[in-house]
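Sequence order for the protein chains is A and B. Everything in the first sequence is counted per UniProt numbering, starting at 1 for the first residue and increasing by one. Everything in the second sequence is counted per UniProt numbering, starting at 1 for the first residue and increasing by one.
Please keep in mind that the hints were generated in silico from the structure rather than gathered at the bench. Keep in mind that the hints are not guaranteed to be accurate.
What the hints assert, rightly or not - Calculated pairs, DSSO-like style, for lysine-lysine (alpha carbon to alpha carbon, straight line, at most 30 angstroms):
hint, chain 1, residue 1, chain 2, residue 2
1, A, K84, B, K97
2, A, K86, B, K27
3, B, K202, B, K564
4, A, K212, A, K187
5, A, K36, A, K84
6, A, K203, A, K191
7, A, K34, B, K73
8, A, K100, A, K36
9, B, K388, A, K100
10, B, K298, A, K96
11, B, K268, B, K255
12, A, K84, B, K202
13, B, K32, A, K86
As the list claims (entries may be wrong) - Away from chain A, derived, C-beta distances all over 10 angstroms, residues of chain B:
hint, residue
14, L82
15, L129
16, D279
17, G399
18, D421
19, K500
20, L506
21, Y508
22, L542
23, R543
24, D559
25, I563
26, I671
27, E687
28, L701
Glycine included, C-beta positions come from ideal geometry on N, C-alpha and C.
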Amino acid sequence: MKKYILTLAFSLVWIAFAQASDPAFIAAMQKQLKAKKTIANYEQSQEVTNGFLRIADASDSEWLPFYYAALLKTEAAFRFDIEKDKSLDEALELVKKADKIAPGNSEITALNGYILMGKISLDPAGRGQSMSPQAMQLFGKAINLDRENPRAVSLMSQMELGMAEFFGTGPEKACGMARMSLDLYKKEEAKITDEYLLPTWGKMQADQVASKCN
Amino acid sequence: MNPRLLLFITFILLQTQAFAQASLHGKVLDEKGVPLPGANILIKGSYDGATSGQDGSYRFETSATGSQVLVFKFLGFKTQELAITLDQNSLEIQQIKLIEEITEMNSVTISAGAMEASDEKKSVVLRPLDIVTTSGAMGDIVGALQTLPGTSTVGNDGRLFVRGGDASEVGIYIDGLRVGNAYGSSTANVPTRTRFNPNIFKGTFFSTGGYSAEYGQALSSALSLNTKDHSLRTQGDVSIMSVGGGYSQTLANDKHSISLTANYFDLKPYQNLVKQDFDWERAPNGWDVELSAQQKLKKGGLVKVLARTEAGGMELWQTQPGENGRGMYVNLHNKYSYAQSNWRNSYDNGWSLFGGLSVSSNKDDLIIDATPIKRKNLLSHAKFTAIKDFSDRVSMKVGTEYFIHNYSEKLQLENEERSFDEQETYFFTEWDWYLSKKLVLRGGLRAGNSQLAEQSWVDPRLSLAYQVSKFGQVSLASGQFHQLPIENFRAIDPTIGNSKAKHLILNYLFQKDGLMFRAETFYKSYDELIRFEGNPSNPTGLRNAGAGYARGVDFFLRDRNSIKNTDYWISYSFVDSKRSYNQYETEVQPNFAPKHNFSLVVKHFIPTLKSQLGTTFSFNDGYTFTDPNESGEMNSKTKSYQSLSFSWSYLPRPNLIIHFAVQNVLGRENIFGYSYASNPNEQGVFESLPTGQPAPRFLFLGIFLTLSKDKTANNLNNL
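Bound conformation, chain A alone:
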């Protein structure tokens, strides 16, 4: 009898474990990622952010839920009429949490730089000088961590383009990087399956940079 109870216990534990990690996690993430695509206002953005945070709460060894929550907070600051600085600061907090779970992750590092870009855009004169090098450093680091990360390359090309426009130098460097990132996006697209949860965003921004190059 003892043996059976033990088996029962084990199987229950296994079931619970499986529920928390693979299929349920994937399903929950997919549900939120799907909802993320149709966000039209801040309320919806908040709902999806909260959805990811609920997943983060239940699956505390996964970095993706925090990552997407941070990304949503960042995008909300760009898209909606809210307290932008506050939203970006919260995004930074969430990125820190993701980074604690998965240190040295290229996507998290690139997102961190993206948030700083957002902070710079709110006060270019005051923050540009001190934060641009930080953002550039993060993008550089993200590229070094994963040379196939199109977002790291694309974001860096945006920074490069901004600098080139400011100093009236040619956009060659920014253009080269934008083209490189577009190639990487193509490679990435080939990998995407129904169960793909990793970040895929940012191609439009790369296209925008590339459109300024002839």
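Once you've looked at the hints, dock chain B against the given chain A.
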């Protein structure tokens, strides 16, 4: 039991779990009972949950059953949990009130007497970049601070004078550690500047009174400079200036960074080109070498080292009233070293610790009118502080400090030496208590002991801030402050003790997207100031017998939004100050405390020219002086002080800055006072000479080039 059966049962159980849907609904409110949209409601350990809507209500279905924990989460609010039992299809949850956490970002801050330059915090008056780009300041931290309310420009001195206090009443700190001889050594009427380059600091905290119990030995003001945490990249910085040049090399990786800087300056070539009003025998010249290093520790701490050594000198003739010829010969040679190291770390349990040690050593070799004098000052400071955040509402700071202070001065010819050895001990504690987001109280106590003066004392400090409207707040600061007399007085009479001041400051602050308005009124009383007979260079009968006051009001407006690409600030300070001190027998208005002080700083960026143009206008209504031909003390006043400065920074390439600046463009002949002959001439008149500027204008041209793999780096990135 058959294992297959077991699996079947489990499967059934799982299915049941999946199909048993319970519906929950409820409402989330904030502290005041207003619906709170955006809160996250979830069942612990599951993915089930919802977000509260505009009316604070939520509704969701869950497959969970039995006893569960419902969690209410919202960033910036305290998380709440509620035990529930899911045994029915529809469950109404009681209303939940979430309490907002008090953070630095959403709560009121004490702004009375406090001005900050920082990129990170709110209520900042300046940003670090402003300090180097304020025209007229010539890259001097104190020069930039002189455009802020509560300060007076004393052009023949160059140091910081705050609200009717003299320059010694400002305590200067780097990373919380006291700096001895923070200004370059100079001689009478030759203006000095801060020794430290503003580029090494990321933030500045400047108090014009009522400051924290963490600081002491300063009757008027604390100036706290915080060094950079960690450099981001390896780079070399070259500077070529009309008055010298330098090179700085920074090596950096993720964990640590180190910078080594060397500079040389000599005003001689410049003075050969531009006519000077001072009679220089040898123009000011000097060199410095500086090392700064930062190391991130594995467990999250940070260790910093800053070490600097420099030497410099000047020789000049100072004409004397009623005498012919070049006058008095003054020769000054200075050697200075400063070294400090500090460590700090924050722990998850709410404790933050700081420990540091600093040593400042200053040696002056002077020849004044053929009399050689040697002065040595050695100040060592050790400090340890611990901060504990008990909650988001209550935090405590405790600390202890120990100073060893050795000073000596020697008249070479007479082989006469005066010196003292001092040890001071301090304990301080400070408590912050947030009664709500809108109201904070801060109470502090600072206890000190001086071995040399054989005195012990306790200074209470109390301040509070209250938010009166969405963008406005009122704060009040008060406290008592002690300060031991300046070194050369203590060397003559080691038994003289502390002077004392009491501050009361009322502040109103309004800030809204790029606009800041600040109004402040203050009263400061002085007691036990040093008095003596004779003159300051040879005092007798030193005693703590003076008293006085300073009162006034000041205004500050900074606007970075209204005019495109333009940032400006305006300061006006009114100071009414009188004191009996030094040789004065009556209460007089000191010569360093002009009544009306005004400055206007404008910076305008022109994108097409890749240039920032800046201008600064400073004004005060003149300095008091004693005319011995009239009766009384401090019976006269100079004409008003006015200076208009202009600067142009040009960034032709991302890594190149060309900076051109002119101080006092209009060449106004400012006069800071008069010196009088000690005896009347044949007509019975004391002859006089005005104390003026070294030259009507000062021109500066500098080229700053940064060499780095990253071509966009420039000198300013260090900020």
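Consistency of the hints with the structure:
no.	hint	result
1	K84/A <-> K97/B	holds, 26 angstroms
2	K86/A <-> K27/B	holds, 25 angstroms
3	K202/B <-> K564/B	holds, 26 angstroms
4	K212/A <-> K187/A	holds, 23 angstroms
5	K36/A <-> K84/A	holds, 19 angstroms
6	K203/A <-> K191/A	holds, 15 angstroms
7	K34/A <-> K73/B	holds, 23 angstroms
8	K100/A <-> K36/A	holds, 24 angstroms
9	K388/B <-> K100/A	holds, 24 angstroms
10	K298/B <-> K96/A	holds, 17 angstroms
11	K268/B <-> K255/B	violated, 43 angstroms
12	K84/A <-> K202/B	holds, 24 angstroms
13	K32/B <-> K86/A	holds, 22 angstroms
14	L82	holds, 15 angstroms
15	L129	violated, 6 angstroms
16	D279	holds, 42 angstroms
17	G399	holds, 29 angstroms
18	D421	holds, 44 angstroms
19	K500	holds, 40 angstroms
20	L506	holds, 29 angstroms
21	Y508	holds, 24 angstroms
22	L542	holds, 48 angstroms
23	R543	holds, 51 angstroms
24	D559	holds, 13 angstroms
25	I563	holds, 13 angstroms
26	I671	holds, 38 angstroms
27	E687	holds, 53 angstroms
28	L701	holds, 22 angstroms
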